[in-house]
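Start from the sequences and build out the full structure, keeping to the hints where you can.
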Amino acid sequence: MIESVISLLSPLFASAHVRWGIGGSVLLAHHGLVEHPNDVDLLFHPEDFAVAERILKKFGEQQPSQDKGVFLTRRFEEYTIGSVELDLIVDFKIQHTAGVFSFIFDETAVTEQVSFGGQRYPFMHLEDWYVFYLLMPGRESKVRLLEDYWQSHPLDAPERLKTALAASMPDSIRQRIEHTYRYAQ
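Numbers 179 to 363, taken from this note's numbering, label the letters of the sequence shown in order.
Hint data in this document are derived by calculation from the structure and do not stem from the laboratory. Here a beta-carbon is modelled for each residue, glycine too, at the ideal position from N, C-alpha and C. Incorrect hints may appear among the rest.
Said to hold, decoys possible - In the SDA-like style, the derived pairs of lysine to any residue whose C-alpha atoms are separated by at most 20 Å in a straight line are:
#: 1; residue 1: K320; residue 2: D284
#: 2; residue 1: K271; residue 2: Y327
#: 3; residue 1: K271; residue 2: E290
#: 4; residue 1: K271; residue 2: F249
#: 5; residue 1: K271; residue 2: H195
#: 6; residue 1: K320; residue 2: F249
#: 7; residue 1: K340; residue 2: G277
#: 8; residue 1: K271; residue 2: L250
#: 9; residue 1: K271; residue 2: I351
#: 10; residue 1: K236; residue 2: L190
#: 11; residue 1: K340; residue 2: S280
#: 12; residue 1: K236; residue 2: L250
#: 13; residue 1: K236; residue 2: E285
#: 14; residue 1: K271; residue 2: R253
#: 15; residue 1: K340; residue 2: G316
#: 16; residue 1: K320; residue 2: H357
#: 17; residue 1: K340; residue 2: A276
#: 18; residue 1: K271; residue 2: E285
What the hints assert, rightly or not - If you anchor each label on the Cβ, the simulated ranges turn out as follows:
#: 19; residue 1: F237; residue 2: V292; range: 17 to 25 Å
#: 20; residue 1: P242; residue 2: L343; range: 13 to 21 Å
#: 21; residue 1: A194; residue 2: E356; range: 20 to 28 Å
#: 22; residue 1: S330; residue 2: L190; range: 21 to 29 Å
#: 23; residue 1: P332; residue 2: Q241; range: 35 to 43 Å
#: 24; residue 1: G247; residue 2: A335; range: 40 to 48 Å
#: 25; residue 1: D326; residue 2: E256; range: 26 to 34 Å
#: 26; residue 1: H331; residue 2: T258; range: 31 to 39 Å
#: 27; residue 1: G296; residue 2: K340; range: 16 to 24 Å
Spelled out as structure tokens, the structure:
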């Protein structure tokens, strides 16, 4: 069902020139790290979010906003299409003990355009989601999945970790990223 929703949205976003990326558990599933994604996390370029949301409103039902917790994201909207939950995210920010981590969605945020059935799907970098998961409470299992994965697979974009290290973050997370950067290459 998730694949059919992404297949529905992808050509619509493409024809509207929406810059977007697929992350979260769908990204993990794409790399064989999980079998069943929980939901669909879609990040958007800030200038394209309004267009993406108009597209979503034609097919999905917007869900009531929930408490954002540690997230200081400018826009976070939840939709459902059938039984599939989608999180739409713009200007992703995570508050932590050392400050706020901000993710800029730009032309480098998408690592690959994977083609299925003649359509292209923009997947984000695992390295970015590793940093996100480290900063999000309750995501240790996903952090470990990625660290285990990199024991037998090289980092695709080590520069993403190096860039993240320049941001404000707790020392324990910085040390973990540095360790992964050094040993997973």
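Verification of the hints:
1. K320 <-> D284: With Cα atoms ~24 Å apart, K320 and D284 exceed 20 Å; violated.
2. K271 <-> Y327: Answer violated: K271 to Y327 is near 26 Å, above 20 Å.
3. K271 <-> E290: Status violated; Cα separation ~23 Å.
4. K271 <-> F249: holds (6 Å)
5. K271 <-> H195: Violated: K271 and H195 sit about 24 Å apart, past 20 Å.
6. K320 <-> F249: holds (18 Å)
7. K340 <-> G277: holds (18 Å)
8. K271 <-> L250: Measuring from Cα to Cα gives roughly 5 Å; hence the hint holds.
9. K271 <-> I351: Cα-Cα ~16 Å, so holds.
10. K236 <-> L190: holds (11 Å)
11. K340 <-> S280: holds (15 Å)
12. K236 <-> L250: violated (27 Å)
13. K236 <-> E285: At roughly 27 Å apart (the allowed maximum being 20 Å), E285 and K236 break the hint.
14. K271 <-> R253: holds (10 Å)
15. K340 <-> G316: violated (24 Å)
16. K320 <-> H357: Holds - the C-alpha atoms of H357 and K320 are around 17 Å apart, at most 20 Å.
17. K340 <-> A276: holds (18 Å)
18. K271 <-> E285: OK: K271 and E285 at ~18 Å, within 20 Å.
19. F237 <-> V292: 17 to 25 Å: Holds: the Cβ-Cβ distance is about 22 Å, inside 17 to 25 Å.
20. P242 <-> L343: 13 to 21 Å: With a Cβ separation near 37 Å, P242 and L343 fall outside 13 to 21 Å, so the hint is violated.
21. A194 <-> E356: 20 to 28 Å: violated (40 Å)
22. S330 <-> L190: 21 to 29 Å: Since the Cβ atoms of S330 and L190 sit about 37 Å apart, the hinted range of 21 to 29 Å is violated.
23. P332 <-> Q241: 35 to 43 Å: holds (38 Å)
24. G247 <-> A335: 40 to 48 Å: violated (28 Å)
25. D326 <-> E256: 26 to 34 Å: For D326 and E256 the Cβ distance comes to about 30 Å; the hint holds.
26. H331 <-> T258: 31 to 39 Å: Holds: the Cβ-Cβ distance is about 33 Å, inside 31 to 39 Å.
27. G296 <-> K340: 16 to 24 Å: violated (36 Å)
When each numbered hint is compared with the structure, violations occur for hints 1, 2, 3, 5, 12, 13, 15, 20, 21, 22, 24, 27.
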